[in-house]
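**Student:** Counted the way this note's numbering counts, the sequence shown spans residues 48 to 207.
Everything labelled a hint here was simulated from the structure, so no lab data went into it. Among the clues, some could well be false.
Calculated cross-link-like contacts (lysine to any residue; reagent style SDA-like; alpha-carbon spacing at most 20 Å) [stated by the list, open to error]: (1) Lys114 x Lys193; (2) Lys193 x Arg113; (3) Lys80 x Ala95; (4) Lys138 x Phe128; (5) Lys80 x His153.
It should be emphasised that the depicted structure is a prediction, and the values quoted were computed from it without experimental measurement.
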Amino acid sequence: MTARLTILNGPNLNLLGVREPHIYGATTLEAIKTSCEDFARFAGCALAFHQSNHEGVLVDLIQAARKEADALIFNPAGYSFTSVALFDVLKTFEGPIIELHISNIHARDEMHRHSKLSSAVKAVICGLGPYGYIVAMQSALQALGKLPGSLPAPMVVGPQ
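Start from the sequences, fold in the hints, and give me the full structure.
**Tutor:** Quick look at the structure:
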């Protein structure tokens, strides 16, 4: 069975490449989506990729992912620091969840250092820039045991 990944992006990520490029870089969300689609084709997995500025829409997408995805990659953006509703719905998703941040939130100002959502996820990836999306996809597929066999063993199984 093909692995099914869902990538969700929170508020203002539609402005990547324009909004605070000194923090988030010049890469657009569309370029990230294209790269993720390319990696999904390589890995032989299905990919759903969404962005919303609305908390309720993100809650609905996570609820839908419970039936439509095996793993969830979520860049909650500003909701990382504020949303109890997203925290609660993340706890209902049974597969691996990777929380993703383009910047290193731990090196940011006090308001942007502590994600309320992190305790509801399997792993957190931050500070790798847009490449973090590819690392998150690889990590989710590894957690599902669905990385392509064509990859070198250290990439598939890690240290033993």
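**Student:** Take the C-alpha atoms of Lys193 and Arg113, compute the straight-line distance between them, and say whether it is at most 20 Å.
**Tutor:** holds, 18 Å
**Student:** Run the distance test for Lys114 versus Lys193: straight-line Cα separation, threshold 20 Å.
**Tutor:** The hint holds at about 18 Å.
**Student:** Is the Cα-Cα distance between Lys80 and Ala95 20 Å or less?
**Tutor:** holds, 10 Å
**Student:** Holds or violated: are the alpha carbons of Lys80 and His153 at most 20 Å from each other?
**Tutor:** violated, 25 Å
**Student:** Verify the proposed pairing of Lys138 with Phe128, using a straight-line Cα cut of 20 Å.
**Tutor:** holds, 16 Å
Of the numbered hints listed earlier, the single one contradicted by the structure is hint 5.
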